[in-house]
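*Asks:* Each protein sequence line maps, in turn, to chains A and B. Under my numbering, residue 199 is the last one in the first sequence; the count climbs by one each step, no gaps. Under my numbering, residue 260 is the last one in the second sequence; the count climbs by one each step, no gaps.
Careful: at least some of the hints might be erroneous.
[Claimed, not checked] When the alpha-carbon atoms are kept at most 20 Å apart in a straight line, the in silico SDA-like pairs for lysine to any residue are as follows:
#1 A:K68 - B:K116
#2 A:K77 - B:P88
#3 A:K49 - B:K181
#4 B:K122 - B:V31
#5 A:K68 - B:K17
None of these hints come from the bench; they were simulated from the model.
Given next are the chains, with one letter for each unit.
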Amino acid sequence: MKILIGVTGLALFAYLLIHIAGNLLVFFGPVVFNNYAFVMEVKNPLLPIIEIGLLLVFLLHVYKTVRMFLVNQRARPVRYVKKKWAGTPSRKTIASVTMIVSGLWLLAFIIIHVKAFRFSAEYEWPAGGRDLYRQEMETLSNPLVVGFYVLSMIVVGSHLWHGISSAFQSLGVDHPRVTPALLTAGKVFAVAIAGGFMVIAVWVYLHQAGRVRV
Amino acid sequence: MMRLTLKIWRQASTTAAGRLVDYTADRVSPDMSFLEMLDVVNEGLIKKGEDAIAFDSDCREGICGTCSLVVNGIAHGPDRGTTVCQLHMRRFKDGDTITVEPWRAKAFPVVKDLVVDRSAFDRIVTAGGYISINVGGAQDGNTIPIAKDVVETAMDSAACIGCGACVAACKNASAHLFMSAKISHLSLLPQGKIERHRRVMAMINQADAEGFGSCSNEGECEAVCPKEIPISNIARMTREYFRAMFVGEY
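Start from the sequences, fold in the hints, and give me the full structure.
*Replies:* Below you can see the structure in the form of structure tokens.
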């Protein structure tokens, strides 16, 4: 049963919602963005608990899914010579058959991403905390980094395209009226989250380019 | 009359290596069922003194769940809600090439050619897919009140014929749709509710022990199921599992 995979997956989805809400503040300039970071990082006594909890949820999700993938591989030792997708009403998509690939990509991406923004050289923000705005501007001034981020956001979108609604199904949530809405909502959130992060990365890059020209 | 090229999986025994072998089927009538077409091919092979192609069939009217062929990559072939015995050759065109393979799963070892051993399903049912309490003699009609929609859902789940197409179609060779149909059918009804906790636990444990995979919620199983059993049953099975985990005594 995939109860822990579903629960941890939904927890990570919830974290992504908070993450993108915070990141969107970048559009309001360095003061708003850095003050938000200051409140979240410095003024927040629960930060260590949240960070450790998030790490545990993440590791549990990776461990359980990789183990499940290996067990599932063993369930069909001889593969079909010819295999086709069965079509409607199947929900099978490119996204659903590549969950392990998108997941492992995200594992690598998150290691790089956390190293870049959580464990890296820091600029001080005069009003307190870190100047994360400057750090984001500088990190995303490199077109290769921006390209890698945009590509990784497509992977996030793909993972969520199947993952959100699948997590609910894995937890036994199913109803003739709710399920079609959940399937659609999962895809809408996937596009919104992936698209949102992509817009931020590209905007920061263009913003930088604009500043360089001036 | 049609002329077809068949690529059929031939495997002498469970341990032997198998391979696709090409056959030509001449004079195939569009009115033939897929299995009748294979019968004709087999008659030709027998006349030539060759080993006939082994495949399973019994009722040939779509209700027993014995036939089990993956036709051109789809379990039970291209028609929705149909067993392969009810697939007819009018679905194909003259000159087509048709690939025929057995169900493929670790838990369904090939016995010979296209015949697989599905006794793993029997062992899952033996683990808990039954009612062992004494429910007495046949009740008078309407003495056990059941809501109409509940009895309909239970009946729809009971339509599972245990053919194993769900396992064959699933990328993880999961038996979840089969198990969930049996569990839904029994747990929705008053007589079946009594043993619901131990049933769901025992059946899921047995499926894991047999080497079936887990559910990726893709629903290929539902799309090939000859009885069109929906994956909402799998969600119901999960809820039964939660209930057993938190409040069950088993």
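*Asks:* Of the numbered hints stated previously, which ones are contradicted by the structure, given in increasing order?
*Replies:* Per hint list: zero violations.
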